[in-house]
Amino acid sequence: MTDKIITVGGTGQMVLHYYLQLYLLGLITEEADLVVIDSDDILPSIRTMRSFFGELQYGGQTNESLGKLRIPRISPLHVRPSGGDTALEVLTGRKHWKRTDTHPVYAFFNDDSLRQELKQGLFARPALSSVLTQDIFQNQALRPEPNSTVIIVGAVTGGTGGGLTAPMLDAVQVFIQRERIENVKIRAVFFGEYFRPQEGLIKDAIPRFQSNQTLVLRSFGDADAAESLHSYFIVGGPGPNLDFERKTETEKGGRNITWPNNESNPFWQGVLALEHLLRDTATEKAMKFEDREVQNLSTYFSLRGAELRLRKSLSMVRMLNKKKAISRLCKDPWAKWIWGEGPVEIASHYWSIAAAREGGKEAVTDFPKELQRAFERLWRGEDKDLGLGDVFPNITQAERMRPGKMAAIRWPRVSEGKWARELFDDKKRAARRAAAILIFWTLREAA
Amino acid sequence: MTIHPESIPHLLHNDLAYLWVLEKQPELRPRTWEARLEAWQYLVELLLIGELDVKEEVIREPLIAYTSQHGIDKVSWALVRGSDEFVGVLSPVVLVRPLPDFTDQDLAKLKQVYEVKRRREDIGFYLHLAIRELKTGQPPGSFRTRLASILEKEFALGQTNRPNNAFGARIHVAMLRQLLWTQRVGQPATIDQVDVLIRRSGNGDRVYVPRCKTCSYTLTKSRASAPISVDESGFRVECENPSGGHINQLDVTDFLIWIRPDNKVIVWDQDGATAIPEKGFPPKSYIKGIHVEFEWNEAQIDGEREKRFLVLEFKQKELIQRKLKDIFFDTILVPGHFEEFRGLPFRPEWADALENPDQVQVNADPVASRVTYGNLRIKGWPMPLTWTYSGSWGVVHKSNLGVGIYPDPNMMPEQWRWYRCFLHGSLRREHRIQTASSQTILPWLVESVKGSPQSLSVTDKTGDVGATYFIKNAPSAFADDNRSNFYLGIDFGTTNTIVYFLPPGEDAENPLPETNGLKPSLFGTNVKWLAKCDGFTDVIGDFLPGLKYGEKAVDPYIIPSALWKKQDQVVIRWGPDEFESNPQTPGTFKWDKALGNFKWDKEGVPNYAYRKAYLRELLLLSLPLVISNLGLHSSKAKFHIGFAFPLAFNYKARRNMQTLLDEVDETLRTTTGFDYESYSINESTACVRAFGAFNRGDTFLVADMGGGTMDISFFTVGGSQPNTIHQIGSVQFAGETYVRALARKKQSTAEKEEDLRWSLRDAISSSASRTEYGKDEAARTILDRFGALAFEFLRTLIAAYREFSSEEDIHLVLVGNGWHLAEAFSSEVETRGDKRVFNEHYSHLMAQLAQVNLKLYFGEPVRSLRSSKHLIVIGALKNVKGQKSKELAEEPSLSKLPAGRDFEFVTTKGRVKRISWHDLVGEAVGLTDFSIKELTKERSDFFLTEVPDFHEPWESYLLRIFEVADQSKIPYPDIPILRDNIHRSIDGHPPKITKGPLQIILEQRWTDWLIED
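Chains as they are written, first to last, in this note's numbering: chain V, 48 to 494; chain Y, 1195 to 2207.
The hints are simulated quantities; they were obtained by calculation from the structure and are not laboratory data.
Since the model is a prediction, treat every value here as computed from it, not as a measurement.
Among the hints, erroneous ones may be present.
DSS-like mimics (lysine-lysine), calculated; alpha carbons at most 25 Å apart, straight line [as the list claims (entries may be wrong)]:
hint, chain 1, residue 1, chain 2, residue 2
1, V, Lys145, Y, Lys1249
2, V, Lys416, V, Lys369
3, Y, Lys1573, Y, Lys1511
4, V, Lys142, Y, Lys1268
5, Y, Lys1644, Y, Lys1573
6, Y, Lys1268, V, Lys145
7, Y, Lys1303, V, Lys145
8, V, Lys475, V, Lys115
Sequences and hints are given; from them, build the entire structure.
Now the structure itself:
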């Protein structure tokens, strides 16, 4: 069973942004597939991590890494409607429609909503997004696995989150009913009014967010699928949280976004709620919808602890880079005694794969250099692409890390599993996947 | 807090927003929603009371791709009824709602509409039904149940009784069943259909719903229920109250059904009704074979969907559906005086549909040209009606059109069955008359022999403009007491007829025209006028003499023995046709022909039917006046009718006449209910009888010259003893002889000759002939010849009498209108008077005869009579009262006239029978020694020069008239012709020569000679 986290809208992405970092740091260990739904682009940090997770693939399954570890799959579902620049154009097929003429669309939507420029988002109109994006409702990425937990994360105040949270719940329920998928627990993390809206971006943002918050949650009261919602946690609301301001431009840049200052940070709360809901297998589903709201979260890690883990893991990776340790894993006969057998064996294994793909050892004599180069590129990025290191916040205080920590890592065994030939076209591909494995396990367990 | 509908993540966000706001307590609802909720309330009310039109619009690509997931493929716009402006849309959540772009201005408009259209008496009922429908089969918490709760809460239902005019239609409203975003495969659609019953205007009148009189449970049935059998008394229906049924007797009238006495069942269509019955109309009915099906609208039976039918079965009946307006004329015809108009608007074939003809209120307003009817009760129609015609399209007034019925039913006993309904006036021939069970004589004259018609209808030629009169029958004034006897005398002449009657208690000694004569101008006093018109008093309705009929004639008691014929119908010809004589008057009608002389059968042309028709007509027209004059009040009266007939009738003619009288008696018996017995006496004897006790011992030669015959009575008054008859007989040489001769002289073709004959007759009866022909040379010449020949015949009679009798005085009595041709064709009447002209004319002839002891007689009873024709009818009347002879039924044995010329029969055995000119021949003179064969098949010789001696100045006068020099040049028929006629006149056992040579010469050769040059 693999759990599933469906994030909806920008808030969902930000929660996922932090959640994935904590996963990479080993603070979160649950296997889960991740579905990112937004009308905006997927955040660069998530895109980077998704790319990184892709490099971890070793076997035939997309989430099959070395040592049969199930790595998260991130499925981005872009929900920007096609067929026009405005809702009116999408729904009527015409750019302009004289208001004096009738069209059935005016029985459903007001003119103001219909004339919204879609390229700038859905302007906090859940109705529009729920209608315009319904083609994703049957996307297979939403299909839950038996005996799993599905958690939907989104802000009910926003256009995308408000519009799609309930439909996602409905869509998952459709899969469950249609395919008779047993023992699926559906849970949710709802974000209410949790931040101070930016001036001028959305007209009358506060009352509109309030309206969205009220009516989206109210829609759960009538939605058939709400019956299947096992439990939920609400972050924020009612009333705007004037202490918290979202920096959407920074979020969209995605580079070295700082971590929360405190535990009450809404995104942090969201991550904690996610972890709680994923781990909670004991709580029975309450009869009444309102009784299913989770009031208290179990905390499996603290913000301070997480920050310490962050500093250590990042410090270790930096140290490996600095010492060109990766290339030395292949060439240094003493490497086993310095870094432990695990990383040496992994490097050697991927070198032999490269040799196999390139036609013999003579063809891959430079593999150590390729491995080191790949390691650096994955971490630091190339050109404008973020490196995995950019996903994490800058740490101003490095931790002193010893190479022996690397030996303590529970490296996966190369004898486990079978490498998928199509993943290893050449020595460079083999080097990148080897580097990804090394970074992944280093971040995860070196601290 | 602001609530934006688009905050709801669903296509139906606007609908859900209304629902959720409405579910909140009023004080907790957003203020910004007040206007929208108010508008929603208006829309719901307007929708339910049928003041919104719903226009469906199919959703097409690309929008359908977004809506079909929700089970929505169309939009149902709501428009204010009759406008094209969308004010809302049907809602799958809240029934109907304003459009998303609703503004305060929209509210103002909607409110304005609502203020005008709202129907407080209806909304409670339809809301109640809608709520019930929404709840039906729904679990608690469903969207439909929640909407029902909102409706209950938001509208103070108050009175929810069914309005009288409940009439609804179901509209299909899509209703949200589940709030989903993705359609489930294999599961019910997210959208349900609910059929909401809303009020429909148009046919929304009060509707009759049969209900149990005991428990008020509706008596309607499901469509599959067995038909309910109906008979004339109505039908029985058992209510289906689950707690126990009750039997109800229902009236078909409540179902707009009229079971006609025939096998037809009329099912009224309520279209066009101007008022609604107290119980309401039943729903529109449908006829299928012998079934009438009623289907109630659900609204009329409180939303019941199944048991809303009744099927009535009429076994062996023909079912006909009619609109009420079908029974009424399109335009009302107002004949006669407008303000007196009492005609009703029913077409004739629907006259029996009126239940209360005596109680209908008719208000005819000539100023407004409007006729209004009130309290019209139509059979099978559950309430009295008011019906109005006005304006030139609705009312046509014809002041020159009268409507009558003859005789007045209120003056006749119940058993009287003969009536004529007719139109009168200059416009009558432009219109039609019709009654039930009547025979059409002319389109504007119909006859019933089945009693007084209950109604008669007058229409124009199209039949769409008309009026129907209902005839009120007053209680009969005739008692069913002892039988009374009444007496009539009739002189049925060839040209004219006179009727006398004998009032009760009077004897028949000295009847006089003033007391005993029946004046035809008074027939019209027995007309019941339903509409009077002015003018045209000559003839009433083409069959009755006008009230001024005969006022200019010498004898106003004269009834023409003439008929008008049209196809196979005849009526008495009272005079020339007014339209033919006045080409300016409209109408294309033309009689086929005028009939006269039907008293006699012509060779090959039997006139029996015309005689019978005439006598029937004559008596049926006369009897009402007779009854009126007699003051008859007994329904058991017996009429004894005495007829006079000419001795010129041969045996066959008499038998025919007797048969005819018997048939007329029977006809009268069946058509009038009285008893009849006919008597007959020959005209000559009648004339003798008329003289009665006058001039005892005197000898009279009465020459009654009528139209067809000159009837001779030569007798001596016996006083207490019977009169002694010397000669008696009849020759066909009379007024018609002259008329025919003059017409033949004047016209070359037979057709023109016929026309002129009628013209002459009319001119004679109206005294116009003296001015038209008084100076006409041909008329004068023929008249001189006519008179001379008649006198030559009389001279022979007198000469024959004198052969055996002394020179006693003989009074020559010239009676009958034939003699009066003398003044009728004299221009001198204007200056000298008719009597003087008559006296001078015949005194001149008497002077030419120069007979000793022969004088013209003008004493009683002739002196007291308007014309000498009255003698015959008086004689006939006396016969009825006295001797009661039925001569027609007896063997002819009366006539005996001189032969006029010698002739002889010589048998092969050498036997000779010579008859001299003075010998009498006729029915009374049998030739016992000879057989008919010997007389007709063997030799006979004629000696035409053997004549009574001529004396001057008569001989010269006669030769001058004949324009010959001596007696031998006097024209005679060829002997074979004469012989043949003698042979044909021989009849009976023993054989009798019924016509002598002179009679044959007079009737044939000399008649022809009248116009010879």
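Hinted pair, alpha-carbon criterion (25 Å max): Lys416 (chain V), Lys369 (chain V). Please report holds or violated. holds, 14 Å
For the pair we were handed, Lys1644 (chain Y) and Lys1573 (chain Y), check the Cα-Cα distance against 25 Å. holds, 24 Å
Take a quick look at whether Lys1303 (chain Y) and Lys145 (chain V) sit within 25 Å of each other, Cα to Cα. Roughly 22 Å between the alpha carbons, so the hint for Lys1303 (chain Y) and Lys145 (chain V) holds.
Assess, step by step, whether the Cα of Lys145 (chain V) is no farther than 25 Å from the Cα of Lys1249 (chain Y), and give holds or violated. holds, 20 Å
Between the alpha carbons of Lys475 (chain V) and Lys115 (chain V), is the straight-line distance 25 Å or under? Judged against 25 Å, a Cα distance of about 22 Å means the pair holds.
Decide if the proposed pair is consistent with the structure: Lys1268 (chain Y) and Lys145 (chain V), CA atoms, cutoff 25 Å inclusive. Since the Cα atoms of Lys1268 (chain Y) and Lys145 (chain V) sit roughly 20 Å apart, the hinted pair holds (cutoff 25 Å).
Does the structure keep Lys142 (chain V) and Lys1268 (chain Y) at a Cα separation of 25 Å or less? holds, 22 Å
Between the alpha carbons of Lys1573 (chain Y) and Lys1511 (chain Y), is the straight-line distance 25 Å or under? holds, 17 Å
This entry satisfies every hint, going by the numbered hints stated previously.
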